[in-house]
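Kindly produce the complete structure, drawing on both the sequences and the hints.
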Amino acid sequence: MATTEETRARAVRPNLTWVGTRPVRPDGVDKVTGRAKFGADLQLPGMLVGRMLRSPYPHARIRSIDTSKAEGLKGVKAAVTRDDFEDLPSEFVPAGEMLVNYRDMVRNVMAREKALYEGHAVAAVAATSAAVARQALSLIEVDYEPLPHVIDVLEAMEPDAPLLHEDLVTAGVEPPPEAPSNIAKRLSFTLGDSEAGLEEADLVVEREFTTRPVHQAYIEPHACVANVSEDDYAELWCTTQGHYVVRAFCAKLLGLDISKLRVTASEIGGGFGGKTVVYLEPVALALARKARRPVKMVMSREEVFLASGPAPGTHVWVKMGATRDGRITAAEAVLKYQAGAFQGSPITPGAMCAFAPYALENVKVTGYDVVTNRPKVASYRAPGGPMSEYAVECVVDEIAKTLAIDPVELRLKNAAREGTRTVYGPKFGPIGLIETLEQAEHHDHYRAPLAPNQGRGVACGFWFNIGGESCASLHVNDDGTVTLTVGTPDIGGSRASLCLMAAEELGIDFEKVQPIVADTSSLGFTFLTAGSRSTFASGLAVIEATRDAVRQLCRRAAQIWELPEESVRWQDGCARSEESEDAPEPLSLAELATVAGKTGGPIVGHAQLNAQGVAPSFGTHIVDVEVDRETGLVTVVRYTAIQDAGKAIHPSYVEGQYQGGAVQGIGWALNEEYIYGEDGRVENPSFLDYRIPVASDVPMIETVLVEVPNPRHPYGVRGVGETPIIPPLAAIANAVESALGIRFSELPMSPPRVLAAIHEGAGTA
Amino acid sequence: MTRLHVSATINGDPVEFLCEPEQTLLDVLRDELQLTGSKEGCSSGDCGACSVTLDKRLVCACLVLGAEVEGHSVETIEGMAKGNKLHPLQQRFLEHAALQCGVCTPGFLVAARALLETNPDPTERDVRYWLAGNLCRCTGYDKIVRAVLEAASDIRAR
Amino acid sequence: MARVVLTPNLSQLAGGETEVELTASTIRQLLRELGDRYPELKPHLDEGVAVAIDGQIYQDAWLEPVPPESEVHLLPQIAGG
Ligand code: FES
Ligand code: FES
Chain A
1 MATTEETRAR AVRPNLTWVG TRPVRPDGVD KVTGRAKFGA DLQLPGMLVG RMLRSPYPHA
61 RIRSIDTSKA EGLKGVKAAV TRDDFEDLPS EFVPAGEMLV NYRDMVRNVM AREKALYEGH
121 AVAAVAATSA AVARQALSLI EVDYEPLPHV IDVLEAMEPD APLLHEDLVT AGVEPPPEAP
181 SNIAKRLSFT LGDSEAGLEE ADLVVEREFT TRPVHQAYIE PHACVANVSE DDYAELWCTT
241 QGHYVVRAFC AKLLGLDISK LRVTASEIGG GFGGKTVVYL EPVALALARK ARRPVKMVMS
301 REEVFLASGP APGTHVWVKM GATRDGRITA AEAVLKYQAG AFQGSPITPG AMCAFAPYAL
361 ENVKVTGYDV VTNRPKVASY RAPGGPMSEY AVECVVDEIA KTLAIDPVEL RLKNAAREGT
421 RTVYGPKFGP IGLIETLEQA EHHDHYRAPL APNQGRGVAC GFWFNIGGES CASLHVNDDG
481 TVTLTVGTPD IGGSRASLCL MAAEELGIDF EKVQPIVADT SSLGFTFLTA GSRSTFASGL
541 AVIEATRDAV RQLCRRAAQI WELPEESVRW QDGCARSEES EDAPEPLSLA ELATVAGKTG
601 GPIVGHAQLN AQGVAPSFGT HIVDVEVDRE TGLVTVVRYT AIQDAGKAIH PSYVEGQYQG
661 GAVQGIGWAL NEEYIYGEDG RVENPSFLDY RIPVASDVPM IETVLVEVPN PRHPYGVRGV
721 GETPIIPPLA AIANAVESAL GIRFSELPMS PPRVLAAIHE GAGTA
Chain B
1001 MTRLHVSATI NGDPVEFLCE PEQTLLDVLR DELQLTGSKE GCSSGDCGAC SVTLDKRLVC
1061 ACLVLGAEVE GHSVETIEGM AKGNKLHPLQ QRFLEHAALQ CGVCTPGFLV AARALLETNP
1121 DPTERDVRYW LAGNLCRCTG YDKIVRAVLE AASDIRAR
Chain C
2001 MARVVLTPNL SQLAGGETEV ELTASTIRQL LRELGDRYPE LKPHLDEGVA VAIDGQIYQD
2061 AWLEPVPPES EVHLLPQIAG G
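Protein chains in written order, with our numbering: chain A, 1 to 765; chain B, 1001 to 1158; chain C, 2001 to 2081.
Derived by calculation from the structure, the hints in this document are not laboratory data.
Beta carbons are placed, not taken as given, at the ideal position from N, Cα and C, and that holds for glycine.
Where hints are given, some of them may not hold.
[Claimed, not checked] Listed next, the in silico DSS-like pairs over lysine-lysine satisfying Cα-Cα at most 25 Å (straight line):
1. LYS1085/B / LYS512/A
2. LYS185/A / LYS37/A
3. LYS2042/C / LYS74/A
4. LYS37/A / LYS512/A
5. LYS37/A / LYS1085/B
6. LYS512/A / LYS598/A
7. LYS1082/B / LYS37/A
8. LYS290/A / LYS74/A
[What the hints assert, rightly or not] Far from chain A by the CB rule (all over 10 Å, computed), these chain C residues:
9. GLU2017
10. ALA2024
11. ARG2037
12. GLN2056
13. GLU2069
14. PRO2076
And the structure:
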């Protein structure tokens, strides 16, 4: 087994010029001057305003929909309902690397038999102005038959719970149950014998945890502009994490040829997983096809909260055993996740992640995917991971405290390392968890004194990361500059990282590389910006495309010099031939580019690949909190995020991922939650009442970048975007426990809950 | 509906426009004047993405009516750089990577400029409280606060 | 021969087998072999699974070689935010 040091030596490349530096990003000026065009910023001549009518009921049968009065209103150019979308069969089909059930998707985009959540789209209109569109919506007559609803995951699993889908039978149970239920799937992973492992333990801790549903809360609402010509050639502009995936979904839902739908990704104002699916886009296309005019649709903030991508509320049960000296002998968990209106909660990754930071011999995890009357959940940063890892990290903390072992020490004792077998089967390759724990242990934050009413907590986090399909093209221009075309929307500075790698490979100035995110007709299929894959997978495509261009450049030089191709190599931005007495003067990229037309035509490097070789990223966070015993307010007073990046291509943006993820986690831990009334309707669909952290709520977020390279990437990149949201939930819960001596088993730890717990006195809240 | 005729100064230029009585300043800027640098994140005054100044006073353009700016002066993100010279705040935001997706950035820049005009030497705490009306979901605020503090010292040094 | 380990959910559909030995030179061959041997597994394999070969996870990589004596795990596909 290779030691970490050896791994480092294997993968780190010395003398990097650009990789690891912090230049200003190529799209930066557009973003600080207001030039950058986001989803809602496009205007086309003759453009109509599209608006959606949404269900006021969390669960209702739709007996009829009558749009005739609305369509009769002056200025209304089109209306669509369920009748405008063809029903599709229920089967999970791969759609650009995702498994998609189009029967569910067509129903989520426009309710069919039933409205399954408050805010479910029921009809839409396109009109010449917002005022006319609003009036038109009020003229649509929908005959609803309200049905009993269920929101909570445990209630939805009860045998007498209202059924969302009368034909839903639990998968993953043999023999299949006869009666339908809201439990869409049961899955389990086992390693060793957890019962035997628990027998061995001197201490067994068993706890239950609840987390509330939360929203990604990107600042830019969903928005798009659709245009469909008389010969059904369609163009779509939208804010998305993956315009090729949007193209696949919309083509299927509208029965369009993929080649006749061109999707352009706008600049994207945050996504965090929530912009990997479609809501408005198919409807805007359907309206535009009817009206034969461009249609713009933009969600209001309320619509974003009611009808787009929340993350599930969960119930998690964890039982872990340890010997007196702190060896964890066994771990068990049962996870129950809300899927929302259609199956597909992130229960699988939740189960796979739960115990990933630990080298364990005996593990058993069971998960349930449960439908409830909420919007279908969408991915949210490390989907499924924060909730299960939160529960486990709280139990690990309790074990440490009960055994009087330092919590970092206990984790180091049990930490996963290269060769550790995961509960889902394979063994880890080189990973950097231990390095992050060691950094934590030696960080001055970990030893700093605490004031009264303050407490400190730590927790670890793990995420897989993904690869996937990516294309890249690199055009060498005749002035020696380079245009880099990629297919992954840039959500947090990936263009800068991709250009850094291109500049490094080519040996030219970063400033000479200009990136563009291509539309779907200009470059081959490229999967989403998600799963922390852009810098990794699009990065591999960029490196390959660059090397392709370098091969061509070397060949041109060889031809000019009339030397064999093998004698030419590329170094420091120039083609050079073998060192010898009469070696020709090196030819720079610019020199070769100028004569490209005379030596065979343009030089274009290209790559298409399905990136494999991803490596997971582990992190460890330390947090200090202060609890106000009068108000129950928990304030984060110091925060340190330590994580293995593999290799930080642009360290500022890697730090930014750690900081942003940590603050989202702080929100999840302390404040954010959907609040439902008895009537099943959301009581807080606004930023005023669904309060995400603001600048005055948080301190500076210190970061430590650990770099244990991924041996399967030329620069060692792992992918960093998702892991940082995982540790904060438990780290803060553990810190509150050390401040108050009260262990919270429910998130968020908002002032009312904390105050109630303080009043109840010590004990489990 | 009769549209109202409004004359105002926007980024130093005299501008005339027609608007519906209930149309917000944000809608006017974005839809009538094509100044789409001001963003709409909530339209209820909670996110600050639409921050502009009205006679030097920081406001949410989504809470002001278009008709209210008659005779007044509005500054938006589009007026922040002078020629090809970026404002020190813009420069420091770029250098500090104080933006990820960048949708909140125009609002933060306009709000931060308003802060530095009233308080040229703010503490970290001043910056955090002043910017508490601007939401950023990507950065965790760290790099934004640092960029503002550094731009403040740049401006003081001038 | 590669040693293929099935998760509990997949093993239910393979007559309770948790480990299968088979010869295959690529991931595609391996999946086809498995599907032929356990017809109930086939729809799940067609939907798409991730395959880990000696610890390295592959998604949608039919042509990836499966070395003899390797340890293979079939996993759910992994997405992300
Ligand atoms: S859009 Fe004005 S404050 Fe959010
Ligand atoms: S940079 Fe994305 S919201 Fe601030």
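Evaluated hints:
With a CA separation close to 21 Å, the supplied pair LYS1085/B and LYS512/A stays within the 25 Å bound. The suggested pairing of LYS185/A with LYS37/A is violated, with an alpha-carbon distance near 41 Å, which exceeds 25 Å. In summary, the hint linking LYS2042/C to LYS74/A is not supported, as the alpha carbons are separated by about 55 Å, beyond the 25 Å threshold. At most 25 Å may separate the alpha-carbon atoms for a hinted pair to count; LYS37/A and LYS512/A meet this at roughly 23 Å.
Note on LYS37/A and LYS1085/B: the hinted pairing holds, with a Cα-Cα distance of about 21 Å set against a maximum of 25 Å. Restraint check: the Cα-Cα separation between LYS512/A and LYS598/A comes to about 23 Å, which is no more than 25 Å; the hinted pair holds. Distance restraint check for LYS1082/B and LYS37/A: the Cα-Cα separation of roughly 21 Å lies within the 25 Å cut-off, and the hinted pair is therefore satisfied. As the CA atoms of LYS290/A and LYS74/A are separated by approximately 16 Å, the hinted pair is consistent with the 25 Å bound.
The claim that GLU2017/C lies off the interface holds: its Cβ sits roughly 13 Å from the closest Cβ of chain A, which is beyond the 10 Å cut-off. Its beta-carbon lying about 17 Å from the closest one in chain A, ALA2024/C satisfies the requirement of being farther than 10 Å from that chain. Distance check on ARG2037/C: its Cβ is at least 18 Å (rounded) from any Cβ of chain A, clearing the 10 Å threshold; non-interface status holds. The beta carbon of GLN2056/C is not kept farther than 10 Å from every beta carbon of chain A, the shortest such distance being approximately 7 Å.
At roughly 15 Å, the least C-beta separation between GLU2069/C and chain A is larger than 10 Å, which holds for a residue marked as non-interface. Not every CB of chain A is more than 10 Å from the CB of PRO2076/C (nearest about 4 Å), against its label as outside the interface.
Checked against the numbered hints above, the structure breaks hints 2, 3, 12, 14 and satisfies the rest.
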